[in-house]
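Chains as they are written, first to last, in the working numbering: chain A, 1 to 493; chain C, 1 to 483.
No false leads were slipped in.
Computed from the model, here is a short list of chain A residues facing chain C with C-beta under 7 Å:
1) I395
2) P396
3) P397
4) G420
5) V424
6) D478
Distance condition first, Cα-Cα at most 30 Å in a straight line; then the derived DSSO-like pairs of lysine-lysine:
7) A:K439 to C:K35
8) A:K459 to A:K439
9) A:K445 to C:K35
10) A:K459 to C:K118
11) A:K170 to A:K158
12) C:K39 to C:K118
These aren't lab readings, by the way, just hints derived from the structure by calculation. Glycine included, every Cβ here is placed at the ideal spot set by N, Cα and C.
Chain by chain, the residues:
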Amino acid sequence: MKLVFQSDLSLFLPEFFVCIGLLLILLYGSFSLHLGTTFYTNLNFTVARLSILILIQSFFLILNNQTIPFYTIVWDSNFVLDSAAKWSKLIISSGLISCVCCSFSFLFISRIRLFEIFVFFLNICLSFFLLISSYSLTTLYLSIELISMTFYILACLKRDSGLSSEAGLKYFILGSLASVFFLFGSLYIYISIGSIGYQPAILLVSTGLIPSIYIYLGFLLISCALLFKIGAAPYHNWVVDVYDGAPTLMSFLFSVVPKFGFFVALSRIVFTLGPSMFSCLWESLFLCCGLFGLLIGCLGGLGELKLKRVFAYSSIGHVGFICLSYSTGILNSLYSSFIYLFVYTITSIFIWTYILQLDPATRKKLSLSNSLGLLQSNQIFSFTIIFTLLSLAGIPPFAGFFAKLNVFSCLMESSFYFIGLLTVLLSIVSSFYYLRFVKIIFFEKSFFWVHFVQIDKNKAGLLSLSFLCINLYIFTADLMFLLSSKTSLGFLA
Amino acid sequence: MVLWSTLVLVKGLCNIFLFSNFSLILFQKLLKLKKLEIKQVFLALFCISFIFSLFLWIGFDSSTPKFQFVSEGWWLPYKNVNFVLGLDGISLFFILLTTLLFPLCCLWIWPFIGVNLKFYLYSFSVLESILILAFSSVDLIFFYVFFEIVLIPTFIIIGMLGSRDRKVRAGYLFFFYTLFGSLLMLLGICYIYNVVGSSIYEAIHGFTLSTYEQKWIWVSFFFSFSSKVPLIPLHIWLPEAHVEAPTTGSVLLAGLLLKLGSYGIARYCIGLFPDACLFFTPSVFTLGLLGVIYTSLTAIRQIDFKRLIAYTSIAHMNLVVLGLFTCNTLGIHSSLVQSLSHGFVSSALFLSIGTMYDRGQSRIIRNYSGLSHTMPIFVSVFLFFTLANLGLPGTSSFVGEFLLLTSIFLVSPYTCFFSSSCLILGGGYSLWLFNRVSYGNSKLIFFDVSKRELLCVLPLIFSTFVFGIQTKNFIRPYILHSL
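Next comes chain A alone, as it looks inside the complex (with noise of 0.2 Å):
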């Protein structure tokens, strides 16, 4: 007997292994808990050994899904399994995995015990790999407020952290309107399609026959909510503070995650579903954004003096660019947005890695001179670590630069010569902070005495794997390239 859905089930393997890892995780740790014949039982090493196991799992699974055409739509035009799926739930596995990685030192030291983490970053991984396939509106936005949900939880995990709470509450707060901006816009585009899902939405718009004057103000709202959990400009209020009041794992899960999973659905929005609307509303949107982010990003980093808000607004600034280079509407712009986002997520994954390495080391706050005298103690690693930030600021031969390059590249190929000179002043301007950072490091004599502090295994692996890819990528640049255009391509299909 043959049950209706069963291709489907087949091709959702990934999806079905990490929920059913998570309920699995999940009875584990609560009968665990009250197994033991002490209240001092520690879950974590084992409950994150067990999800890292299904991560990976789950990044094998998808790598060896049925290879597909071009795109093959399941569960009743719901989803979809394409190339872009494919290549984005790996991305977003790996982050993950890095993510859990660097949880093992983290939660030892700050002492938290709840083994529910690892059910929150499994519900995480479960939630992306729905965005990311989501081929109508409600799973969108359901995926969209799983995802949110959990965030908001991680946001205020210390309970006895003033910061956090306030944090988590300013998260809640505004995402919880963004949620409502997505809903009203995906009304909008009821009113004037008729359907939610997206494949009568590409027969009815991507042909430029636009049903009503309503669609328009549905995709603002609808890309303005997936902008939101992104952080671009006008929107990262919330950025800066949620990054700096949430414990660091969790500002390192919200600086390497979201970003790509949204830009996918961003893209699908944007390159599938109305690839027609780029002179009239893309256009300008992701000007407006791309040019404010560049603008607050390196503005708002110049005057910070606390370590992670300063990568908060750097962060605002790369989303700034990455939004400059969708505003262009060329084939390119996919590919070299794509592109930034890998160099990118790559990038925070070592740069958060060396903020966890450096948080438990001192109770206080974080600041820019913590990593004072790096130079002495470690001298490895400062190289490492100031080779990746001139990555950041987008000094040649570091993979920054060649990804800046695409999108310079994209704009100058739309002709948006006063834009472009526009995004250059800014990023010279936002280079100023990553060299203070590199002045910090190599120039400053330290005044107390340093010493060398060992990197434990799990971080130093993802630091120099990380490490490499970004700074031999001049080397490798047709691996990037191809991973990109896989990724990308398949939007347009």
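Mind docking chain C on chain A? Use the hints.
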């Protein structure tokens, strides 16, 4: 035939060999070399690369305008961007200059006591490799990449190994002025790449861009090179950077990085956009002339001798740019000759000044007087280069300056009149500096130059002389290439 093919490989070897400098960084940890051995190894590497470049010169065929010793490597074939290196008449001599100056700098820092010796040597090796790659890259995007990478080791040299606390500010100024110009150039490069479809020099050379397009792209390229050369008003970084950098840092800055700017103008601004050059010649002439007169006058009133020589560097390079934009054959040749000779002369001047600074630990001129009593060899060397600075016949800078003034006269006699004040004012500041320092009563008694310091300066004396007298052997390769 065998000789020719080996010489083709020599070019590739020259670069691979320099990249082996990188691997030394790893090996040094493994082999646990002592300081002396590290210095010896690096010096040997730099000398060997100089000998290789001499082989390149010997094997160079000056009868064709094509690129020679071309080596290609795939980088991103889907986007038609590949890693191509090739030698040209213009780049050959700059590469020779590069490989000449680095062994001298390595020899100069022999008695360096400080924890940062490794950083010094690593920065040198990285800088040499990148400069050779920059001068020999045929592909525009890779030229830009190497042009920018140069910033990093120079920033380290200025900011870490300088002597005063102002060095960080100097490093920042250097970095941001150059970054500002270069990022503007990036926009121009992206535009060219999109329009032409490839970024190889010969492809763009064959492609005709409209005059309107040429003007805009010329502006973006010019910003970048004018902050390197430097032209007023983007010259502010140069006195600061030169003063705060260590001696070898100033030598490399003045001797090589400024030449990157003039090389870029000669090859890219003039080579690729000739119509725009003709259009912008009056404005460039204004800037250059202002630069020559202003910096020469400022140099006269300096109290810090390193800053004085820094301002004279700006004056000479502005004269070079004036000559480049005359857009006649004589002008372009003489500007390249003058670039080279300035590379020799100003490097030697910075080395001599470094000798003084090593002894007196102060850069104020007033502290030094009557050096000729106790340091006759030093004073004679210093005299030779002071006279070379102001363009004494017999030295290469005479050839350069005289021909430059001739070529400027061909375009506009008024400009020539005012820019020849470079020679007059040059005499003023150079001779006055020499006079104050060498003659008069002895204030402080120093030991004369050591063998090491003399050895550092000797090749430059030799080159200046030889270039000055036998220049016709060196002009010929340029003739076919700059057109």
